[in-house]
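Start from the sequences and build out the full structure, keeping to the hints where you can.
Chains as they are written, first to last, in my numbering: chain Y, 48 to 372; chain S, 48 to 372; chain E, 367 to 690; chain A, 367 to 690.
Take the hints with a grain of salt, since some may be wrong.
[To be verified] Each computed EDC-like pair below joins lysine to aspartate or glutamate, with the alpha-carbon atoms no more than 16 Å apart:
| no. | chain 1 | residue 1 | chain 2 | residue 2 |
| --- | --- | --- | --- | --- |
| 1 | E | Lys680 | S | Glu353 |
| 2 | Y | Lys86 | A | Asp618 |
| 3 | Y | Lys89 | A | Asp618 |
| 4 | S | Lys89 | E | Asp618 |
| 5 | S | Lys330 | Y | Glu329 |
| 6 | E | Lys379 | E | Glu657 |
| 7 | Y | Lys330 | S | Asp332 |
| 8 | Y | Lys359 | Y | Asp269 |
| 9 | A | Lys507 | A | Glu593 |
| 10 | E | Lys628 | E | Asp618 |
| 11 | Y | Lys330 | S | Glu329 |
| 12 | S | Lys86 | E | Asp618 |
| 13 | Y | Lys86 | A | Asp619 |
| 14 | A | Lys680 | Y | Glu353 |
[What the hints assert, rightly or not] A few chain A positions that, by computed beta-carbon distances, are all more than 10 Å from chain S:
| no. | residue |
| --- | --- |
| 15 | Ala616 |
| 16 | Ile658 |
| 17 | Arg661 |
| 18 | Leu674 |
[Said to hold, decoys possible] Only some residues are given here: those of chain Y computed to face chain E with a beta carbon under 8 Å:
| no. | residue |
| --- | --- |
| 19 | Pro104 |
| 20 | Ser108 |
| 21 | Ala113 |
| 22 | Gly116 |
| 23 | Asn144 |
| 24 | Tyr152 |
| 25 | Pro155 |
| 26 | Asn211 |
If you are wondering where the hints come from, they were derived from the structure by calculation, not from laboratory data. Glycine included, every Cβ here is placed at the ideal spot set by N, Cα and C.
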Amino acid sequence: MAVLTYLQAISEGMREEMRRDESVVLLGEDIGVYGGAFKVTKGFIDEFGPKRVIDTPISESAIVGAAVGMALYGFRPIAEIQFADFITVAYNQIVQNAATIHYRYGFPVPIVVRAPSGAGVHGGPFHSQNPEALFTHVPGLKVVAPSTPADAKGLLKAAVRDDNPVLYFEHKYLYRRIKGEVPEDDDFTVPIGVADVKRPGRDATVITYGSTVHTALQAAEDLSAEGAEVEVLDLRTLRPYDEQAILDSVGRTNRVLVLHEASKTGGVGAEIAAFITENAFEKLDAPVMRLGGLDTPVPYSPPLEEYWLPSKERVVGALRRLLEY
Amino acid sequence: MAVLTYLQAISEGMREEMRRDESVVLLGEDIGVYGGAFKVTKGFIDEFGPKRVIDTPISESAIVGAAVGMALYGFRPIAEIQFADFITVAYNQIVQNAATIHYRYGFPVPIVVRAPSGAGVHGGPFHSQNPEALFTHVPGLKVVAPSTPADAKGLLKAAVRDDNPVLYFEHKYLYRRIKGEVPEDDDFTVPIGVADVKRPGRDATVITYGSTVHTALQAAEDLSAEGAEVEVLDLRTLRPYDEQAILDSVGRTNRVLVLHEASKTGGVGAEIAAFITENAFEKLDAPVMRLGGLDTPVPYSPPLEEYWLPSKERVVGALRRLLEY
Amino acid sequence: MPKKKTSLTKEQKLELYYLLKLTRAVEETVVRLYKQGRVVGGVYLSRGMEAASVGAAYALERDDILFPIHRDTGAHLAKGQSPKAIFLQYLGRADSPSRGRDPGIHFSDRSLNVVGNISHLGSMIPVAVGAAMAMKLAGKKNVSLNFIGEGGSNIGDFHEGLNLAAVQKAPFILVVENNQFAYSTPTHLEYACENIVDRAVGYGIPGELVDGTDVVVVYEAVKKAVERARRGEGPTLIEAKMMRLTGHSAHDDAKYVPEELKKQWEQKDPILVMRRRLEAEGLLDEKVEKEIDQRIEREIEEAVEQALASPLPKPEEAAEGVYA
Amino acid sequence: MPKKKTSLTKEQKLELYYLLKLTRAVEETVVRLYKQGRVVGGVYLSRGMEAASVGAAYALERDDILFPIHRDTGAHLAKGQSPKAIFLQYLGRADSPSRGRDPGIHFSDRSLNVVGNISHLGSMIPVAVGAAMAMKLAGKKNVSLNFIGEGGSNIGDFHEGLNLAAVQKAPFILVVENNQFAYSTPTHLEYACENIVDRAVGYGIPGELVDGTDVVVVYEAVKKAVERARRGEGPTLIEAKMMRLTGHSAHDDAKYVPEELKKQWEQKDPILVMRRRLEAEGLLDEKVEKEIDQRIEREIEEAVEQALASPLPKPEEAAEGVYA
Ligand SMILES: Cc1ncc(C[n+]2csc(CCOP(=O)(O)OP(=O)(O)O)c2C)c(N)n1
Ligand SMILES: Cc1ncc(C[n+]2csc(CCOP(=O)(O)OP(=O)(O)O)c2C)c(N)n1
Ligand SMILES: [Mg+2]
Ligand SMILES: [Mg+2]
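This is the structure we're talking about:
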């Protein structure tokens, strides 16, 4: 297996799918000659040409809408939103058009919307957002958020092969900071809807995804030194989420912290916590706790942004309370 | 007190606020001569003139954006979205512009966005939506959803007087079907953020809002005949929600069903259920249950739509399970 | 009014006339069913606008893709749809094209290359542009065509969609059905330009303003745009001017429309306009007219009967089919 | 290049020259701070574009409302903002206008009637239109002015905002800063019209294309639009053509821009253009030039010093102020 950065893994996943299947095309701003704002599509236009690597005007609603139209007529477009924050401009196309077509008319809409998300890079309120929970309420969408290079590649490839609209939130803080082994098998995919135990444990579970998987792993490491074994369950897919994996983990540890970088209120964690309470009430030795980013926009200045983020210290603190409950 | 329909109450609330405060203006499609698609602003243009009752082109993003701009310079605009379903077109203006300005710059943004929402009227997938949970994750917004004429008027007036962007989801099924006494005092408001016990009980609580308050009341009535006293707590405000009222009710009944018309997954109910579990775990004699619309778009044909809706029978069924737990 | 020369055959002209009348008859039937309480949802009519809807769709081949909007009964029919499908839709029946999920003429038909719309005005424009891009990329010579009201033409997606289509030289045609009102809103509150077609220059594409009450004129204009698109020369914006001769929907009496204006436009009822043309060209007499009317009556009667006999969907079906 | 007659006084012209140079100096200082690792976020520069930003804002009175966008350092300064505030912003300090919440020149100043932008291109257009509507409704004679890049002009809100402004005859001016690129994207991939200003006719408003490298020309065009707006005649679209003489942001080397093009446009550096004009008019000599440079140097030095001495915000402040 090759060792790749998270960013390289996404890139490789796309490249492989484009080589495998001519119907896979890319749409986005600056994705051609420039290779994308984060260089995820570097070299793609040379290999696949401008017909399949379509540099668009700045018009996210048209980008997603056009992707839907192409998907209805034989293509499998991957639309890139330059920063996830701007996905709200394309919101209507995603939640009203893409999400509902199959239910209404029975046509598959195989599009992927890639969106670099997340804070920690001093991007301020509009280059730091984690908008996944704006979509997980919407029937018809699939939402994924990988935390490792292998998952990033596997989920990308699965998303391209899926016949439904898949929102792919890639965390830009992880792009070059996280490296890992990635299977080279052309048909390696990570199935959508399947969670993954990133660290097994018996005393408590952190259910999380994306960047905070790493925060959770660090917190688990710290607590392990104190004798507490914390399981880290990486959801990977936020809709449809892996009910069985969640119930299994709760069955093992009986204590759960749900964690994400996005603001806490109304976040994905609410759904997960509610699901657990509803379906594993008897298994719980403590309340399901939640931890997320502050309920504010993401501020720019480092002291503010650091305070905004759910830090390892906060995760450890929450886990201590959970373990002591 | 006058007896008004839910629709009349909204209308009267707006009229009173416009008489009281010259800075209150309306923006929307067909709200002038026509008096609005649902006639909520009937006669307004005659009384207040076209300068304050602004008939706009079909461009919801500009409507909300312009409302924000007017709010920054001395006005208190009420923007009408003809059907709540179309609010997704204005999504970016609401969640990125309106919601964040105070945090970033300290300017109040006193706008109200009125949106007739809800199913039950055979409107199909795009005239039946309950989009409130698409907004309750967003810091900076307030979200209200009245169930009675008195609340409709009181919350409308409170929303107009609030210095923050308030999304006001009025349920169109209730418009002419629900009548009730409404205080005539010019300064009657229903405070934002305060829930209301619509029916007291001791055996279980239904926490709900909007149209399903009535479903819950009917279910409670049915169960009362069987000797179970179900409390109905009407949230009225979905963000910020009334934490204390929720905890108080859980303290009284120890059993909770969270109910709404919107699709269950990722809905407002998830946040409420998660909050309860986190903060009143010891008080719970049963898992917090949730009931909502199906996790699909709202279908058009009556048998499908009826099946989609969380019916009284389903509420009674869920409550029985809760009571027997 | 000087008539342009047209490439239409006699048969085609009579077919267009039949389609105009069929559209009118289908909609009148829907109104009847509505008044009988059988249509559960709203009814949006195209009376006065049939020429644009029929004429534009008639310029398409089967493999061209049609994106009709909320009043385009005529376009569905001109693309080959059966009245029965339309009735089934309004009645919300199990075997309607949307299986009871979407109301009225919001429906698709894969075999006819018709893609139904969401209600959000303008939202189909980028989707239709995408379909056009797909045709081009696949090396096909087909085009996609979408409609928009003059009211809907003020929404952001109109701009984004047309601009993208222009840059991509996508084989796309957008027909603006300018019927003087958006619901109750008169044009001077909708836009301040002379004509919506004035916007074409802002995308670097041709724009053509046509009499939207004359089906032949609309057909010719769209045909030209289709040929242009097939040649790889990119999109065209066409504005068809006409009048909505009914309320916004079946429950709207349109009191906000001045009586005089209504009267004036009644003279330009597309069926009258076409009848005058056919008579002038000697293609229509009482006998032919009667044959057409009888054919339509028969077709409608049969379709209504079959539609009414069709079952409603089973409730539990509501939960199915969210994902492919 | 024939110069238009201008109503500017000698002092004003020299002030404009000073503002151009100040803008350049402020940005160069920001780059220096960036390279020292003191600016935590991104840096977007306006080198080559100062004339449009400065010239447009200079045409406004204090009670007119300015909506600058991501490269409008010059507009902030021309509206009366201090360099210190800008440095504080980039450094994310507690007493910066946004209190460390928003980066760089994304900030507001109530006392100067400047409203900062969100990053979403075009999103401020409807907001600025609303501010203009507020002026009109309040019976004031003030206007609002917003900028947009030629890239951002392809987003839906451009269309919705301008159309609403036109229908409302709002005292609104939109200045398109056409700098040939949107990030790495050249104009032919952004739009297919000749000029962005061709879109004005589609809203029924005047459009004016100007040389965006000449601050006087921009000033005069905007001034005319402002006067028109004050007279109640509605919005104007102005397109200023120029070139972004740097990368998209401080980390972009802009390799995608042909060297020749860069060279060509270097000749039209707004500071050079204005210097030539002032020299031709006999308003500038070495002494005056030196005075200006020294003033700027002094101002910048002082501002940087003060800014660097300012504290960072307290972490806990992050949680405050979501609601009014
Ligand atoms: C984005 C959006 N806003 C509002 C509506 C509600 N609505 C439906 S039809 C209509 C009027 C449309 O006018 P126009 O585009 O001129 O088409 P017409 O109905 O006149 O054919 C309105 C406002 C909608 N469907 N979508
Ligand atoms: C809606 C949206 N999409 C994408 C971006 C990312 N982005 C920031 S600046 C920029 C290029 C803007 O080009 P233009 O409007 O021409 O302005 P310029 O930077 O050239 O001054 C892009 C794509 C954004 N800020 N907003
Ligand atoms: Mg119309
Ligand atoms: Mg540019």
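Now the hints, each set against the structure:
| no. | hint | verdict |
| --- | --- | --- |
| 1 | E:Lys680 to S:Glu353 | holds, 11 Å |
| 2 | Y:Lys86 to A:Asp618 | holds, 12 Å |
| 3 | Y:Lys89 to A:Asp618 | holds, 15 Å |
| 4 | S:Lys89 to E:Asp618 | holds, 15 Å |
| 5 | S:Lys330 to Y:Glu329 | holds, 14 Å |
| 6 | E:Lys379 to E:Glu657 | holds, 15 Å |
| 7 | Y:Lys330 to S:Asp332 | holds, 14 Å |
| 8 | Y:Lys359 to Y:Asp269 | holds, 9 Å |
| 9 | A:Lys507 to A:Glu593 | holds, 9 Å |
| 10 | E:Lys628 to E:Asp618 | holds, 15 Å |
| 11 | Y:Lys330 to S:Glu329 | holds, 14 Å |
| 12 | S:Lys86 to E:Asp618 | holds, 12 Å |
| 13 | Y:Lys86 to A:Asp619 | holds, 14 Å |
| 14 | A:Lys680 to Y:Glu353 | holds, 11 Å |
| 15 | Ala616 | holds, 22 Å |
| 16 | Ile658 | holds, 32 Å |
| 17 | Arg661 | holds, 30 Å |
| 18 | Leu674 | holds, 23 Å |
| 19 | Pro104 | holds, 6 Å |
| 20 | Ser108 | holds, 5 Å |
| 21 | Ala113 | holds, 3 Å |
| 22 | Gly116 | holds, 2 Å |
| 23 | Asn144 | holds, 6 Å |
| 24 | Tyr152 | holds, 4 Å |
| 25 | Pro155 | holds, 4 Å |
| 26 | Asn211 | holds, 5 Å |
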